[in-house]
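Engineer: Protein chains in written order, with my numbering: chain A, 1357 to 1489; chain B, 4 to 615.
Simulated from the structure, these hints should not be mistaken for lab results.
We put the CB at the ideal spot given by N, CA and C, even for glycine.
Hints should not be assumed to be uniformly reliable.
Here are some chain A residues pointing at chain B (derived, C-beta under 10 Å) [stated by the list, open to error]:
#1 F1375
#2 T1378
#3 D1440
#4 G1442
With a straight-line cut-off of 30 Å between C-alpha atoms, the simulated BS3-like cross-links for lysine-lysine are [to be verified]:
#5 B:K515 / A:K1425
#6 B:K578 / B:K435
#7 B:K514 / A:K1425
#8 A:K1362 / B:K405
#9 A:K1425 / B:K391
#10 B:K57 / A:K1427
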Amino acid sequence: MEPKKKVIIVDDEPDVALFLQTALEDSGYTALTAANAADGLSLIQRERPALVCLDILMPQESGISLFQKIKSDPEIKDIAVIFDSGLSLARDFERLDYRHLPDGTMLPEPDGFIEKPIDADGFLALVERVLAR
Amino acid sequence: MNADFQSLPAEVRNWIGRQLFEHVPNNIAVIDRDFSVLIANENFRVVFGDPRGKRCYEVYKGRKSVCEQCMAALTFEDGKVRVNDEVGTDRNGRPAHYVVHIAPVYDELGRVSSVIEMSYDVTETKSLQKEYNILFERVPCFVSVINRDLRIVRANGLVRDTFGEKSGEHCYEVYKNRTERCTDCPAMKTFADGKSNRSEQVGVDRNGRKTHLVVVTAPLSRSGNEFSHVIEMSTDVTDIHKLSDELQKEHEFLRVLTDNAMDALVAVDEKGVVNVFNNAAEVLFNTKASEVIGRARSEQFLPQEFLDTIGNGSGSLVLPETVVAAAQGDEIAVRFSGSVLRDAERVIGGAGFLQDLRPLKQLEQEKIESERMAAVGQTVAQLAHGIKNILTGLQGGMYVVKSGMRAGSEDRTAKGWEMLERNVGRITDMVKGFLSFSKGHIPKVEPIDPNAVAEDVQKLYADSAQRMGVHLCFEGHEGIRKVPMDREDIHTCLVNLVSNAMDACQASENKKCSVTLRVAEVENVVMFEVRDSGCGMDYEIKNRVFTTFFTTKGRGGTGLGLMVTRKIVQQHGGKISVDSTPGQGSVFRLEFPRDRLPLPGAGDAKDKHDLK
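Make a model of the complete structure from these sequences and hints.
Structural biologist: Here's what the structure looks like:
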């Protein structure tokens, strides 16, 4: 049997984290959670998951900042990232110049977006799609 | 002497012989071949003095010798009668101009023994002539004398200067550079009717320039009705024409300007008679200009203040917003600016510009409306955002419950149930907040210890403060008297302020922030103060913190906190103020003067303060 794919959820809302964790676990993934960006980064570096689900608006450090760190770190930059947020992603997200680093580097696009409120089936379908690539 | 003379009565002959000589209004002197004056009549003596024993040249000209071209000498030679213009000196030494007739007197041998000089004074005539000449030459208009052939006999200096020296040529050649006479020739008309005529002509000067002339022709007769010449006097009105053209243009320009002006223009004379009423005025008052021009209707179109201004002649008047009456009795809001018109010192009326403020007002209204709509939109967006989070929690809860039940895991089902409860709680709080804000609620006033309320809030946040690394401390006021307040309300206020302060600390770059919650009473004013050393607020944010749904916290805030806080504080007769420096922190103060606090007893506070 294929080993379970590992997903890390970074979200300051424990309810969202638990929701996504439960949904993933029910679908046969191993799901770990972190309540802030700093914990998230160390967890990712340690666990090397297949996928990271990242909330954007978190106190202290935003999901965008964490995304930039992941994509700038050669060790983990190939890990897939999905953003989940209450932002209207199609509209608001484009306005954040988040892929452009101060040193001129252009980061790749994230692997997916999902907007809150999250529908479990839609979320799981996206996760499956991203991991099949 | 003819035979008639011999037949005259003796006394007449005697009078002619003696008295005529003396009384004739000429100067008569008889001179011999030595130029000595033999006899002179009374007139002569009056003018030149007694000439007896003197030579004529001494008498006439004060000379010592015979004149170079002496006419008398010639007549002594040839016996001819001569007439000459002479200039001499009268007995008073003044130059005298006179015409002299010299006639010979023959002796028995037929020789000219003496000559008779008869002269009359033309000094005055001469000077008149001279004056007329000067007048003719120098008058600042074209003067020419034209004969019946329409040839110019004489022309003055200005004609020569302007049209060239052309005496003898036809007037139409000179003035108009034509080869044949003009059809409307004023000189011909005068020759025909003998009357003075006036006309306007266009001439061409020696440089080919068009010259507008006003021409007056008059018969030139020395006496009676017979005349052979016409005198033509013309004035160059080219400049006046030009001026009039320019005036016309100017007038046209002003007309276009006033007609197309956006603002209504109404001008009246000093009697209130309307003389300008432009297109914009027609539109503004819904009245045709033709119905008001020339009528005394100033009070209908101009504000009374301005009519008073015209009345007392003081300069100008600007009314940023006033009202005038429209045709149907409606009132129109206008911006008015008017000036009193003067001719030198005299007030001749006034002109006023009226800017219709209705479109502006409309715009203003639309702007307010759109701002309100934007605010509503913002509110809805914020609400939607808040609801999204709660909805996610609810969905999550349902999912986890379902998942737990499916897996037979009580633990997981319980967790999911908790999520549902928590999120239902959140949405309940949110709705409550809305309701309490929008409807207003009635405070339950009872004497409370302000220290105790504040300390409760501090304890409530102690854990999270520690987690966030914020130093949260409380400073009470020892021995403070109880204060009549709604405990829950004040608690809510302090929770809002402390929660804001903690957020400000989190947003700050300073990792060792502190929040101080302080209670104090100074001069019967009870004060709660929340001070933080967090990120602070810039001017823009500071100005908007008390506005509904304003939040800098993204999904973390409903934007209701400070709005609700302010409302509660006001219901307690207090006020809220804020001091903030970006990067250094903020202080929010709630101040409640004791004499304005509500009296204990439910429902009391609102009524009391509404009555105030």
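Engineer: Would you mind marking each hint as holding or not holding in the structure?
Structural biologist: Checked hints:
Taking 10 Å as the C-beta contact cut-off toward chain B, the hint placing F1375 of chain A at the interface holds, the least distance being around 3 Å. A distance limit of 10 Å between C-beta atoms decides the matter here; for T1378 of chain A the minimum to chain B is near 5 Å, and the interface restraint holds. Restraint check, D1440 of chain A versus chain B: the minimum CB separation of about 9 Å is within 10 Å; hint holds. Of the supplied interface hints, the one on G1442 of chain A holds, with its beta-carbon coming within about 5 Å of a beta-carbon of chain B, less than 10 Å.
Restraint check for K515 of chain B and K1425 of chain A: satisfied, since their Cα atoms lie roughly 25 Å apart, inside the 30 Å limit. In summary, the hint linking K578 of chain B to K435 of chain B is supported, as the alpha carbons are separated by about 23 Å, within the 30 Å threshold. A threshold of 30 Å between alpha carbons decides the hint, and for K514 of chain B with K1425 of chain A the separation of about 21 Å falls inside it, so the pair holds. Distance hint between K1362 of chain A and K405 of chain B is fulfilled; the C-alpha atoms sit about 23 Å from each other, no more than 30 Å.
A hinted pair counts as satisfied when its Cα atoms are at most 30 Å apart, and K1425 of chain A with K391 of chain B qualifies at roughly 28 Å. Restraint check for K57 of chain B and K1427 of chain A: the C-alpha separation of about 145 Å exceeds 30 Å, so the hint is violated.
Hint 10 from the list above is the single one not met by this structure.
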